[in-house]
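Visitor: Residues per chain, in single letters:
Number of protein chains: 6
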Amino acid sequence: MKQISIRNQLEGRVKEIVHSPVVSEIVVKTKAGTLASVITTRSVKDMKLKKGDRVFVMVKATEASIQKEK
Amino acid sequence: MKQISIRNQLEGRVKEIVHSPVVSEIVVKTKAGTLASVITTRSVKDMKLKKGDRVFVMVKATEASIQKEK
Amino acid sequence: MKQISIRNQLEGRVKEIVHSPVVSEIVVKTKAGTLASVITTRSVKDMKLKKGDRVFVMVKATEASIQKEK
Amino acid sequence: MKQISIRNQLEGRVKEIVHSPVVSEIVVKTKAGTLASVITTRSVKDMKLKKGDRVFVMVKATEASIQKEK
Amino acid sequence: MKQISIRNQLEGRVKEIVHSPVVSEIVVKTKAGTLASVITTRSVKDMKLKKGDRVFVMVKATEASIQKEK
Amino acid sequence: MKQISIRNQLEGRVKEIVHSPVVSEIVVKTKAGTLASVITTRSVKDMKLKKGDRVFVMVKATEASIQKEK
Chain A
33 MKQISIRNQL EGRVKEIVHS PVVSEIVVKT KAGTLASVIT TRSVKDMKLK
83 KGDRVFVMVK ATEASIQKEK
Chain B
33 MKQISIRNQL EGRVKEIVHS PVVSEIVVKT KAGTLASVIT TRSVKDMKLK
83 KGDRVFVMVK ATEASIQKEK
Chain C
33 MKQISIRNQL EGRVKEIVHS PVVSEIVVKT KAGTLASVIT TRSVKDMKLK
83 KGDRVFVMVK ATEASIQKEK
Chain D
33 MKQISIRNQL EGRVKEIVHS PVVSEIVVKT KAGTLASVIT TRSVKDMKLK
83 KGDRVFVMVK ATEASIQKEK
Chain E
33 MKQISIRNQL EGRVKEIVHS PVVSEIVVKT KAGTLASVIT TRSVKDMKLK
83 KGDRVFVMVK ATEASIQKEK
Chain F
33 MKQISIRNQL EGRVKEIVHS PVVSEIVVKT KAGTLASVIT TRSVKDMKLK
83 KGDRVFVMVK ATEASIQKEK
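Protein chains in written order, with our numbering: chain A, 33 to 102; chain B, 33 to 102; chain C, 33 to 102; chain D, 33 to 102; chain E, 33 to 102; chain F, 33 to 102.
By construction, these hints were calculated from the structure, which means they are not laboratory data. Note that beta-carbon positions come from the ideal geometry of N, C-alpha and C, so glycine has one too. Only true hints are included.
To be clear about the criterion: a stretch of chain A counts as covered by chain E if any three or more of its residues have a C-beta under 8 Å from a C-beta of chain E, and this derived list gives those stretches: (1) 35–46; (2) 52–64; (3) 89–97.
Here chain A stands alone, though its shape is the one from the complex (with noise of 0.2 Å):
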């Protein structure tokens, strides 16, 4: 089995692809709201994503970011 060092795997479905030739954005409904990742479209074809896959969408975490109200 493979471990990766990515520590946040969020799990969800795949809503919606917008293509473009190199490019596209994959939209996920996870039960932490819509999440979007844009990948190489020579991804989506080498993984035969496709709407309704169920994926996980991958952060690195030192490059996710914190907010708060003051």
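Got chain A sorted already, so can you dock chains B, C, D, E and F onto it with the hints?
Guide: Only chains B, C, D, E and F this time, still in chain A's reference frame:
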């Protein structure tokens, strides 16, 4: 009111903060599971961030990847 | 008021927007020169972002590199 | 001469360096305000980076976000 | 000579460029396999980047993750 | 089997780990030279990562830049 282009904003509560001189790890409990964010310790101090605070974990769509079971 | 951990916030004015179906390029004129940001076209629409808008270019410290002349 | 695809290059002077075993924080004074960059301590040593050095803070366009007042 | 804090610099040759109005995909053949980079189309033009060019793929250490077989 | 959208996967062997309370530096020897990755120390522990392990350095295409000699 401020608007930001960052699409992914996950609400939660600070569960733990691990400090070090330069960066700190903020562990946040959300509806979609526990998330981790590494930010500067300077920001932790400026924001007076502490355990129990209600926050949003913010992630730019271009920095989110997708994983699926084949 | 909202506080965000992102340390680098550069004020400027939108000089040009280049659109494409998934991402758009926002060119911003600041006191430190012209900056470029690539965000989702969905955010451009949600924020009703247009030429002439006063904005902040936001950059997480962990995503900024340093170059110097030897 | 070297050319790099990174569009945002902000000139400034190193104002402060905060060290830790793995990463260090470089605080840079620019015309657009004070910026912060977190890089490996190994790079700080390799570049012999020190207070007063003239440097460029480098940011990839896909890693810059936009904020505006509504 | 310029020095940059970005630790990962992988030499290779441009094998393919996929263009779109905002971003382009640069496919680079290196000793460690084929790599992909998504940069602004504006940078592709400014650098006059074309198939066959000898280049370096540059990656900040904080943006590289680790995967291993359990 | 798991599939991930991250296009750049560089195989190598862990040569050195530098620890700190929040993040650790993983130095990996690959066919394309020595690479560095900064990940959370929590991931180093969870993955039981140690010197000599066979790993992949993973990099999202949108986070890779291009440099060339003019």
